[in-house]
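Reassemble the complex: the two chains are provided individually, in unrelated frames, and hints are given to aid placement.
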Amino acid sequence: MKAIFAFGLLVLIAFLGSQFLFKRKKLFLPLSYFFLSGLIYIFLGLSLGKNGLNVLSAGVLEGLNPLISLGLGWIGFIFGFQLEYRYLRRFPQKYVELSLLQSLFVICLVVAASGWLMRYIFPSEPSSLLYGMAVVLGLLLSLNSPSLLKFASSEIPQKGNYYHLARFLVSVSGFWGIGGLALVASFWHFPFLKSSIFSKGLVLLLCSTIFPVFVAYVFHFLTIKKTSEHDLLVYLLGLVFFASGTAAYFNLPPLYICMVLGITFSNLTRIQEKLYPLILSTEKPFYIIFLILIGALWEFNLDYKIALLVVILLILRIVGYSFPLRPLGKILRFSFPLPALFGLCFLSSGGIAVAFIVSLKLIYPFPLIDVFVSVALIATILSELLSPWALKNSIIKLDTEK
Amino acid sequence: MNIIVLAVVFFIMLFLKSSSLAPFSNSSFSPTISLGFILIFAFLVGKTINRFKLPQITGFILAGFFCGPYILKFLSIGDVENLQLLDGLALSLIALTAGGEMRIAELRKNMKTIFSILIFQTVIIIAGFVIFGLLGRSFFPFFAEKNLAQGFALSILLGTLATATSPSTTIAVITETNAKGKYTDLILSTAVIKDFFVIAIFALSLSLSKFLALSGKAIEADVMAMVLREVGGSVLLGSLVGLGIVLYLKFINRETAVFILGVAFFTYQISHGLGLHPLMICLVAGFFVENFSSRGDSLIQAIEKISVPIYVVFFAISGASLNLEGLHRSWVLALIFVVWRGILKFSGTYVGAKIAKEEPGVQKHSWAGFISQAGVALGMAVIVERAFPEWGGEFKALVLAIIAINQIIGPVLLQRLLFKVDEAGKKQLES
Chain A
1 MKAIFAFGLL
11 VLIAFLGSQF
21 LFKRKKLFLP
31 LSYFFLSGLI
41 YIFLGLSLGK
51 NGLNVLSAGV
61 LEGLNPLISL
71 GLGWIGFIFG
81 FQLEYRYLRR
91 FPQKYVELSL
101 LQSLFVICLV
111 VAASGWLMRY
121 IFPSEPSSLL
131 YGMAVVLGLL
141 LSLNSPSLLK
151 FASSEIPQKG
161 NYYHLARFLV
171 SVSGFWGIGG
181 LALVASFWHF
191 PFLKSSIFSK
201 GLVLLLCSTI
211 FPVFVAYVFH
221 FLTIKKTSEH
231 DLLVYLLGLV
241 FFASGTAAYF
251 NLPPLYICMV
261 LGITFSNLTR
271 IQEKLYPLIL
281 STEKPFYIIF
291 LILIGALWEF
301 NLDYKIALLV
311 VILLILRIVG
321 YSFPLRPLGK
331 ILRFSFPLPA
341 LFGLCFLSSG
351 GIAVAFIVSL
361 KLIYPFPLID
371 VFVSVALIAT
381 ILSELLSPWA
391 LKNSIIKLDT
401 EK
Chain B
403 MNIIVLAVVF
413 FIMLFLKSSS
423 LAPFSNSSFS
433 PTISLGFILI
443 FAFLVGKTIN
453 RFKLPQITGF
463 ILAGFFCGPY
473 ILKFLSIGDV
483 ENLQLLDGLA
493 LSLIALTAGG
503 EMRIAELRKN
513 MKTIFSILIF
523 QTVIIIAGFV
533 IFGLLGRSFF
543 PFFAEKNLAQ
553 GFALSILLGT
563 LATATSPSTT
573 IAVITETNAK
583 GKYTDLILST
593 AVIKDFFVIA
603 IFALSLSLSK
613 FLALSGKAIE
623 ADVMAMVLRE
633 VGGSVLLGSL
643 VGLGIVLYLK
653 FINRETAVFI
663 LGVAFFTYQI
673 SHGLGLHPLM
683 ICLVAGFFVE
693 NFSSRGDSLI
703 QAIEKISVPI
713 YVVFFAISGA
723 SLNLEGLHRS
733 WVLALIFVVW
743 RGILKFSGTY
753 VGAKIAKEEP
763 GVQKHSWAGF
773 ISQAGVALGM
783 AVIVERAFPE
793 WGGEFKALVL
803 AIIAINQIIG
813 PVLLQRLLFK
823 VDEAGKKQLE
833 S
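First to last, the protein sequences are chains A and B. In terms of my numbering, the first sequence opens at residue 1 and continues consecutively. In terms of my numbering, the second sequence opens at residue 403 and continues consecutively.
Everything labelled a hint here was simulated from the structure, so no lab data went into it. If you're wondering where the values come from, they're calculated on a predicted model, not measured in any experiment. Hints may be right or wrong, so weigh each one.
[Unchecked claim] With beta-carbon atoms standing in for the labels, derived distance ranges:
id, chain 1, residue 1, chain 2, residue 2, range
1, A, V55, B, R453, 42 to 52 angstroms
2, B, I672, A, P157, 31 to 41 angstroms
3, B, N655, A, E62, 47 to 57 angstroms
4, B, L645, A, P277, 38 to 48 angstroms
5, A, V311, B, E657, 53 to 63 angstroms
6, A, L53, B, L536, 58 to 68 angstroms
[What the hints assert, rightly or not] EDC-like cross-link-like pairs, simulated, lysine to aspartate or glutamate; straight-line CA separation at most 20 angstroms:
id, chain 1, residue 1, chain 2, residue 2
7, B, K449, A, E299
8, B, K829, A, E229
9, B, K612, B, E792
10, B, K707, A, D231
11, A, K274, B, E706
12, B, K707, A, E229
13, A, K361, A, E299
Positions of the beta carbon are idealized from the N, C-alpha and C atoms, including for glycine.
This is chain B alone, in the form it adopts within the complex (with noise of 0.2 angstroms):
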């Protein structure tokens, strides 16, 4: 039935957006037709696609992919601009989630794990990443048309934003499969906490590169400070907006989906204003209700009630703003560049999981979960842009190209990791 509906649905778009129905059209109502579309038809795509043992959100994304401003061209570029304001709602609305699903305790038994696997993930990354650029020269027009000290200040670059997971597609996977278990803490928390700690990393490398590649440009002493101003501040607007919601969920506890969303979306919209950073409040603020009030379960039940519409436009949105120009103009190295990545992750995953002295199912299987890409290195694409005029362009062409790679693989093999190692499906069991 749903292949059905999804036929008709495309047909029915293909009638409209056909030129001769121009004429008696008002283009500024475009984005609604195009959100009405892409929620029914990327959730469909979504469901038939889980029929093959695959993530919803694959679903979502490939939905977007096609339907996007570069092969059918439903959602023109102003239509995705447009959609992209859920973003910040939808990313608030995941990181409220994640910080609702970690406990002090399983954090606290987990730490050492977490940190030795960020510590050599990063490294190893990193280092990589430089070994690739150094030794790729000859081999890569890409790195043969810059000098040695560009070459370098490009490749740390790569290596960071190569460290980067998505902690959004990580949650998003984690709730669609209901996994529980120590995989799934592990993976999640990681993925959380990485994502500050390659913030903090990337000004530095920034900083670096500039230095390098910019000649006269020194480094810049206070990038560390801003981050730590960044950070302690959206730790203590997060404690506060945890505390709003505690009390709100305490004394009035009415209409909470509503709050919730209005939650989100106005700590979305102070913490840009601030400069601080959203992800971070929110998950600040999951974490506050979950851990100092009995008030965790209420919180994830009222965001699961309004999220799954907001998550379906989100994950259908960012697969339509995977820039396909840049995909066809480098996929080869690319393509390169995701299998040296996985090897990487495999090898920094492996030897930090052995280091913490986890299981060997864990120093194996646990990288799987490290591979899928998206804001956060998008994010760090376009500043490298404008940091780089000369060569930024085209840095950003390759990336975009590794994230659509990472975005369609990363989820399909977290999902199977957490199928194999018997997590999924172990909190609705629970519950």
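Isolated chain A, as found in the complex (with noise of 0.2 angstroms):
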């Protein structure tokens, strides 16, 4: 199948997919978050690839390098774009502090316990590939996803201080995630991972920084002047292309170049209320096609060094966010208590989290990444389950409670 046609397929049943995404109520029934969340098309796509039907084949999907690179940039725009410091301001300092100690805690914590259990798993490979990959399991648990409390808000009946926290918090822990990526996507530069050089990673990383702010004044001068829709979506659409193009050819993560290029022209513009539809729009049938398409990519393995790492990602999930909650909420005074029961909330990684682990497909492309795509997504997968049954058990329960 050309890889044209294929492109067709994905944006067919991205589009009629799109259409019955997040549209349905009962969230809190069993497994009815499998569908509504679209984990389904995950599997979908698993049976597409080569491992089922082999629609999208290997070919296939390297002729799709540029529409993952795209939909990977285009991601994260919308993400950096909602980072408007007009907003955020509005929120206590400490809610930034406290998103920034969590999302600390959770990768000091993976690191520390995969990357050491990791040495037994699989003893034949270099210890510096190992902690990499453990620095990244650890970025990809620090993500959280919006989508699920957007979508419970009208199961919530009380929206009271602790949902407030864990909206913002879920909202904005992404930017470490993804900033974290960019880190180590420089100084862990795939064609040099052996020899990497300091000073090579520090101007990689600057690139990745100064390139994106730059392209968002281009964008912003471009846009100054009353702007008609039609030059708005090639204007974006061009500029999107450029800069995620530009990260994936010289190996950096599109994810974090665009959402630098949302962040700076968010808040540059003052066409925001023009441009969010245009956005927003998209949002969901780019989703659906990178969940077909990781599913796709997934050489998926589940023998017992997956299931066992997968178990332990869960586990550190769960106390990685619960654990600090109650001390940091100490240290950083909040007027209200923040028990370990909060820290459930954050069990839904979403959108953000599929993006990043095809980021990570895409940047690292060496055998044991399969790996490791395998461990991450049924992680994912498990975690995102689990997380409606965590949610009515944490925030309805805390809110209701107070």
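Quick look at the structure:
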């Protein structure tokens, strides 16, 4: 099958799928979130990929590389565009501090525990590679998705402090995870994995930060004057394509570069209201395309090593988000207590985690990556399935009790 | 501001493509950068050139031409081939728009003129090129190296290709200038109908040329039957697609832009699989929606929402694929043919319009709307190259050079005409 036909097929599925995604109620029914959140598309991708019908064969997927990098860039841009300072500053500074410390704790915990464990699971692999991957898994676990909370908001009877704090934390946590990915990708740059030099990494990191800021200024200057919707679409598509293509061309994460582009542009421009409908209408189709693609890229493999790592990661996720809350709440002097139970509402990592895993596959094309992709995907799917139950037993309980 | 941004984007691209960065790069993502670059760069060139009262699409084509694989090499031949995947999508959207702009009442009113212009343009242009070929044998080595039968075949094929006009360019200029009126309708309808007419004539000319140039090759009797089958199948499928669009717009009418994009994409793919004419299918579908339902405006609005970036890339890539080597080799002869084709277009249009008893303005000026050439002529040149391996390559190079010149001056002439007859901007005023 030609890549262009596969592209058409993906667009068709995404179009049909987006009509139903996040649109049905009764979220807390068992397994309902599996269908509503779109996780089912991962399995659709798996069945269309080389492990299934081979419609999305390796050759076709390679032909879809430009689409993949554009999609990653688009998701990064949408995420960054929502981080507008004038909205963020309405929240107390300690919210930001809590978000950073919580992410750091999760990352450190995962690096220490899974890095140590992987030395025994993969004894023949170099420890630098294993610790590199442990960092990446830590970053993945630090990501949260706001979709579940948004989707469940109608089923949450009382929206109190916990709900609002959780909405803030899940909305900004991606910044730390994606930023961390840029750090890893720069200092542990793929073609130079073995001979990484600090100065090279620094140059790559600086380039991947300054370049999108520069592109955002270009975008801003183009749209300072009154711009029609058609012109806006051309500029937006062109610049996101250009930035994400440049990132992928240098094996850097398009997610990060376009996130910085989005953040810079949203804080420069005054046309947010005009741009929001344009970009948000594409969010769901892109998300579905990603779920299908990651399913197709997935070298499905479930041996005891993978199962063990998945279980460990799930435990680390729950512990990492729950354990530090009480002390952090005290250190940061929150006016209300932060019980460990509150940490349960951070199990969902949604679309941003899927985009993160696709990024990994893209920037680190070495054989062992497939094992980590399997671990990351299974862990993401399981924690996603647990997340509605966890949400019900954390925020809803806490806000109601209060 | 546009010029500054143009320069900035240009220098970034120059830096990215510099060889010193090659060791860091993953070349499989080169088409993504190229697509982003060409989208912004061509669009800005189009906007800049528009200030000098030239059509934006000339800017898109020129941007593609200069950034393409023959001059600045920002786009490699591989990038151009990859991005040509968008051609089908763009052509389908263009044809849907064209069909959606054609109304039965107006077609009926202009039918006599359209067919009169079509017939006289075709006859005069083919005859003119045959005469040129026969007389030019003593002057041009291109003709002199061939025997009489081959020269005759070559002239007939050149004449047939010279008849073609690009409907996509015509529609793009009309859309860009928001033109509406008698000239607009006449030029648009003639250009679109001519496309099918030229394909049929080409099939006959090719068959006759094979008979003349390749001794012993019989005239293929089923050529017309094949053309009729293609046209009949396309009309039928086009009506079905049109019906599908009407039903969707009537009962669902959600995310229409994505739906139309999907329709355009799959129609193009399926028509290729069935050996039908995608342009005609989409044209009939658009025509069906406009004339047999009340949803024509919704269709055009949905297309307008998504079409601009696709058109920019389409025309920029068509500029990038203009073969400069061919132009360099045979630019003198190509220039002579362009002028000769212009004279013949004028004569054919003048005679056709006069016989249809059109007003003097139409007789004198409407020829300027038929100069642009693109996809169909290009496709026919490729077929000739394959059919006549001995001299087909040389023929194709010459045709590519002619198309390159016509595609640059054609939109300019059409835009000037629409301003001259005061039809530019009329659509916007009415709405």
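Hint numbers not upheld by this structure, sorted from lowest to highest: 2, 3, 4, 5, 7
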